[in-house]
Amino acid sequence: MALFWRRSPASGRVAEPLLQVCGLSKRFGALLATDDVSFELFPGECHALIGPNGAGKTTLVHQISGLLRPDDGSIHFAGSDITRLPAAARALRGLVRTFQISSVIDSFTTLDNVALAAQARHGSSFRFLARADRETALNDAAMAALADVGLEHRAQVPATTLAHGEKRVLELAMALVQKPRALLLDEPMAGVGLEEAERLITLLNRLKSELPMLLVEHDMQAVFSLADRLSVLVYGRLIATGTPEAVRADPEVRAAYLGDAG
Amino acid sequence: MHDALELAATRPQSAALRSYAPALLIFVVLALVPPIALLGPEGYVLSLTTRMMILAIAVISLDLLLGHSGLVSFGHAAFVGLGAYVTGILITEGVVDAFTILGCVVAASALFALVTGAVSLRTSGVYFIMITLAFGQMLYFAASSLSAYGGDDGLTLWNNAQLLGTGVLDDPRGLFYAVLASLIGAFVLVDRLKGSRFGRVLNAAKSNPTRVTCLGFDVFRFRLAAYVIAGVLAGLAGFLSAVQTEFVSPATMSWHRSGELIVMVILGGMGSRNGALLGALAYVGLEELLSTYFAHWKLIFGPLLVLMVLYAKGGLGAVLAPLTGERPRG
Amino acid sequence: MSTALLVVQVLNGLQLGLLLFLIAAGLTLVFGIMGCINLAHGVQYMIGAYLAVQFYAWTEHFGLTILLALATALLLGLLLEIVVFRRLYERDHLDQVLATFGIILFVNEAVKVIWGPVPLSLPAPELLSGSFVLMDGLLYPTYRLAILAAGLLVALLLWLVVMRTRVGMRLRAGATHPQIVSALGVDIGRLFMLVFAFGAMLAGFAGALAAPILSVEPGMGDNLLIVAFVVIIIGGIGSIKGAFFAALLVGLVDTLGRSLATDVLKLAFAPATANQIGPALASMLIYILMAAILWVRPTGLFGARTS
Numbered sequence: 001m002a003l004f005w006r007r008s009p010a011s012g013r014v015a016e017p018l019l020q021v022c023g024l025s026k027r028f029g030a031l032l033a034t035d036d037v038s039f040e041l042f043p044g045e046c047h048a049l050i051g052p053n054g055a056g057k058t059t060l061v062h063q064i065s066g067l068l069r070p071d072d073g074s075i076h077f078a079g080s081d082i083t084r085l086p087a088a089a090r091a092l093r094g095l096v097r098t099f100q101i102s103s104v105i106d107s108f109t110t111l112d113n114v115a116l117a118a119q120a121r122h123g124s125s126f127r128f129l130a131r132a133d134r135e136t137a138l139n140d141a142a143m144a145a146l147a148d149v150g151l152e153h154r155a156q157v158p159a160t161t162l163a164h165g166e167k168r169v170l171e172l173a174m175a176l177v178q179k180p181r182a183l184l185l186d187e188p189m190a191g192v193g194l195e196e197a198e199r200l201i202t203l204l205n206r207l208k209s210e211l212p213m214l215l216v217e218h219d220m221q222a223v224f225s226l227a228d229r230l231s232v233l234v235y236g237r238l239i240a241t242g243t244p245e246a247v248r249a250d251p252e253v254r255a256a257y258l259g260d261a262g
Numbered sequence: 001m002h003d004a005l006e007l008a009a010t011r012p013q014s015a016a017l018r019s020y021a022p023a024l025l026i027f028v029v030l031a032l033v034p035p036i037a038l039l040g041p042e043g044y045v046l047s048l049t050t051r052m053m054i055l056a057i058a059v060i061s062l063d064l065l066l067g068h069s070g071l072v073s074f075g076h077a078a079f080v081g082l083g084a085y086v087t088g089i090l091i092t093e094g095v096v097d098a099f100t101i102l103g104c105v106v107a108a109s110a111l112f113a114l115v116t117g118a119v120s121l122r123t124s125g126v127y128f129i130m131i132t133l134a135f136g137q138m139l140y141f142a143a144s145s146l147s148a149y150g151g152d153d154g155l156t157l158w159n160n161a162q163l164l165g166t167g168v169l170d171d172p173r174g175l176f177y178a179v180l181a182s183l184i185g186a187f188v189l190v191d192r193l194k195g196s197r198f199g200r201v202l203n204a205a206k207s208n209p210t211r212v213t214c215l216g217f218d219v220f221r222f223r224l225a226a227y228v229i230a231g232v233l234a235g236l237a238g239f240l241s242a243v244q245t246e247f248v249s250p251a252t253m254s255w256h257r258s259g260e261l262i263v264m265v266i267l268g269g270m271g272s273r274n275g276a277l278l279g280a281l282a283y284v285g286l287e288e289l290l291s292t293y294f295a296h297w298k299l300i301f302g303p304l305l306v307l308m309v310l311y312a313k314g315g316l317g318a319v320l321a322p323l324t325g326e327r328p329r330g
Numbered sequence: 001m002s003t004a005l006l007v008v009q010v011l012n013g014l015q016l017g018l019l020l021f022l023i024a025a026g027l028t029l030v031f032g033i034m035g036c037i038n039l040a041h042g043v044q045y046m047i048g049a050y051l052a053v054q055f056y057a058w059t060e061h062f063g064l065t066i067l068l069a070l071a072t073a074l075l076l077g078l079l080l081e082i083v084v085f086r087r088l089y090e091r092d093h094l095d096q097v098l099a100t101f102g103i104i105l106f107v108n109e110a111v112k113v114i115w116g117p118v119p120l121s122l123p124a125p126e127l128l129s130g131s132f133v134l135m136d137g138l139l140y141p142t143y144r145l146a147i148l149a150a151g152l153l154v155a156l157l158l159w160l161v162v163m164r165t166r167v168g169m170r171l172r173a174g175a176t177h178p179q180i181v182s183a184l185g186v187d188i189g190r191l192f193m194l195v196f197a198f199g200a201m202l203a204g205f206a207g208a209l210a211a212p213i214l215s216v217e218p219g220m221g222d223n224l225l226i227v228a229f230v231v232i233i234i235g236g237i238g239s240i241k242g243a244f245f246a247a248l249l250v251g252l253v254d255t256l257g258r259s260l261a262t263d264v265l266k267l268a269f270a271p272a273t274a275n276q277i278g279p280a281l282a283s284m285l286i287y288i289l290m291a292a293i294l295w296v297r298p299t300g301l302f303g304a305r306t307s
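Residue numbers (the working numbering), protein chains in the order written: chain P, 1 to 262; chain X, 1 to 330; chain L, 1 to 307.
Do not take every clue at face value.
Stated by the list, open to error - Heads up, incomplete: computed chain P residues facing chain X, CB under 7 Å, no partners named: (1) Leu85; (2) Ala87; (3) Ala117.
What the hints assert, rightly or not - To be clear about the criterion: a stretch of chain X counts as covered by chain L if any three or more of its residues have a C-beta under 8 Å from a C-beta of chain L, and this derived list gives those stretches: (4) 119-125; (5) 145-155; (6) 256-264.
What the hints assert, rightly or not - Label-pair restraints from in silico Cβ distances: (7) Gly168/L x Tyr20/X: 39 to 49 Å; (8) Val113/L x Tyr177/X: 55 to 65 Å; (9) Leu5/L x Asp81/P: 49 to 59 Å; (10) Asp148/P x Pro298/L: 37 to 47 Å; (11) Leu75/L x Tyr311/X: 31 to 41 Å; (12) Glu252/P x Tyr311/X: 56 to 66 Å; (13) Asp148/P x Tyr20/X: 35 to 45 Å; (14) Ala312/X x Ala144/P: 52 to 62 Å; (15) Gly63/L x Thr156/X: 29 to 39 Å.
For the record, the hints were derived by calculation from the structure and aren't laboratory data.
Glycine included, C-beta positions come from ideal geometry on N, C-alpha and C.
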């Protein structure tokens, strides 16, 4: 696949990619889970990654976020090579991800979950004696993020008591409070009801102008209403990248994916 | 349960106070033990209570790992033993100043925790349990082969540590209050740690380390720091125990001791505010009581422990939860 | 050190290694297949030794004693599985640790009550009580050679069972993909029970074999258990092959270390210092070895599972 600079849709200027994945490969035994994958995420765009179950989407997200080491290839973020950087360091550089299976800290309150995330960006966390739950700077930032996603009324309840849709929104608030430069969203709509999905899409649509996002998603409605560009992953390989219309028209994609999705 | 939560939300100050009530009560009662002991077998009561308090320090430090961070460390007694041995060896070599000894105890336990922690924390789950067990056992065998310092039989101290040149630590009552002060210090320290930024990261990493990593925290470093802090506190308990018994022995490091420490944490209800304190006191009390009446009390205690694990999780903390307004944590 | 002494030490090391393997095999299978950590495994080794002493007192026949001890150890393993362990497989490791710790407290105490706290001994069988001439001027107790042979035989049998039989195939599959095995209609509960009891029997066998060369006393399995842990950590949890090689490695390093450390240190230190440090260092060797191997391979030499 040829790589070339393109015009960023938001600014209309020629932009350098914020995230550039180049020739990424990951093998599990005999299974080639990621097969020479290359794509970019430009400032101001939402780039969706779709593919049938087992296509290797989550494996790819794990490599980009640093939870898995690729066997081959490179990942550049904001101009520097982060291929060998540990996951925590990537988050601190502003490449922040969410999880497919809601992974909030169940024993914490909603607010504490977001405050924990805020803590990563506000000074050192090797502070041993002062009470963290009384730090107004953290709590204010957390409340603001919760208000941003419309979850402030649930701030004081334990996260276990949140409904599934609310947990997804909480995940988003935890990501936002970190002031990310790019978001990796691993199936943010997974298991969410219709009404909740509408809300999430509206929210993400509002965010995407200032926050580039790589959206890994099953939900076609979400993908087509959010994505500026689409990449299709099948058996670990990217078979197409382009605007939603172009990808939708691609015969190979129709055969491999959209065909059996209906 | 719901009422309790609402109450906690509307009146945070009094709820916080209430959650400290058991600890406060225990400290007050402990402070009164020496005068009360005058009425009975003073020596026995003082030495038993002092032993309880020393163990409580070790248990509180273990709970920071076990209950708060989800790290099942099975080598914690080794730190107690290390503290005791450093104390014993220094006193044997003629160093008796308590603060000098303490400095060496802290340095030795921190170093041992740093090295063994760096290896064991690279693993998780059952590997972590077995490796901490193995490192504990390593120290046990090393101490057993120190023939110059008593070897298998242990080391009797013919001298004792001096606090600022005084014999306070040699006096049962002086030692009692020194240990009580250390216990309160350890309790407050660990309680503050748990509520701090550091403690929040540790606690979050207990249930979901991957999530916490992806928030930008290097979980390994936080856990290693906790491991070192817990090790140093346990070393302090070892120092106090050597000073109290004027005897150090490899037996204090055996993995059975580590197991007992874990049992005490569980007995009190791990991760709860007062659990470790309660657990240590209850365990020693129970042991003392049962063994007075029945030499083979472990025949009862062993099955009891199995039953507790199978049917009564939460320990004493769960029993006391309605009183303290604390939600028991698993 | 003379060659003769070295040969003797190597043989002793191998013999310790094989005993360790018998203990570690059950431990690593129970963990690999059931995901259950069993601290009470050392207790099963001790029970094997006590059973041997008891049955010998009754039968005065060594072969019969071993057979009876094996059968009883198997039955006790079954009992323990039914009463406690099957309730633990689904629990977290902390629960498993605590419950099995409770079992240790109980059994160690029960042994004291039944057989007394004083160490007991078991004579080696008449037939094997002599010594064997290994080379000129070098005698080695025949019984120790018999232990070597028995250990190797069991290892071979175990390998055949695990690699060549249907049960073994299920075991290996169960260790990696328990859901698939149960989906195939294998009764996982029964498989677990058999594996557990079989592991208990192997540990008991090790105890019975060791009874004539060690003193039989309460808690005798407790320290050996930790060494068995070191073995399975080095070998990789769940791997029989790993347990075998790691057991021999640990046996050799420990035995040779103890006899050589002081002499080696004398090259660098004054003899008095070497005499002090040598034994302490020797006793730490296997743990240092474990740490070093873990540093390079966090899942052990043959392990794939992470936790």
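Evaluated hints:
The beta carbon of Leu85/P is not positioned within 7 Å of any beta carbon in chain X (closest approach about 12 Å), and the interface hint is therefore violated. With 7 Å as the threshold, the beta carbon of Ala87/P comes within range of chain X, its nearest partner Cβ sitting at about 5 Å, so the hint holds. The beta carbon of Ala117/P is positioned within 7 Å of a beta carbon in chain X (closest approach about 5 Å), and the interface hint is therefore held. Residues of the region 119-125 of chain X with a Cβ under 8 Å from some Cβ of chain L number 5, which satisfies the need for three, so the listed coverage holds.
Counting residues of the region 145-155 of chain X whose CB lies closer than 8 Å to any CB of chain L gives 4, so the stated coverage by that chain holds, three being the minimum. Coverage of the region 256-264 of chain X by chain L holds. Counting CB-CB distances below 8 Å, 4 residues qualify, and the rule asks for three or more. A hinted range of 39 to 49 Å is violated for the C-beta pair Gly168/L and Tyr20/X, which are about 57 Å apart. The hinted window of 55 to 65 Å between Val113/L and Tyr177/X is violated, with their beta carbons roughly 41 Å apart.
One distance hint, 49 to 59 Å for the beta-carbon pair Leu5/L and Asp81/P, holds here, with the actual separation near 57 Å. The hinted range of 37 to 47 Å is satisfied by Asp148/P and Pro298/L, whose Cβ atoms lie roughly 40 Å apart. Checked against the given bound of 31 to 41 Å, the beta carbons of Leu75/L and Tyr311/X, roughly 26 Å apart, lie outside it. At roughly 59 Å, the beta-carbon separation of Glu252/P and Tyr311/X lies within the given 56 to 66 Å, and the hint holds.
As the Cβ distance of Asp148/P to Tyr20/X is approximately 36 Å, the hint placing it in 35 to 45 Å holds. Between Ala312/X and Ala144/P the Cβ separation comes to about 44 Å, which falls outside the hinted range of 52 to 62 Å. Roughly 49 Å separates the CB atoms of Gly63/L and Thr156/X, a value that falls outside the hinted 29 to 39 Å.
When each numbered hint is compared with the structure, violations occur for hints 1, 7, 8, 11, 14 and 15.
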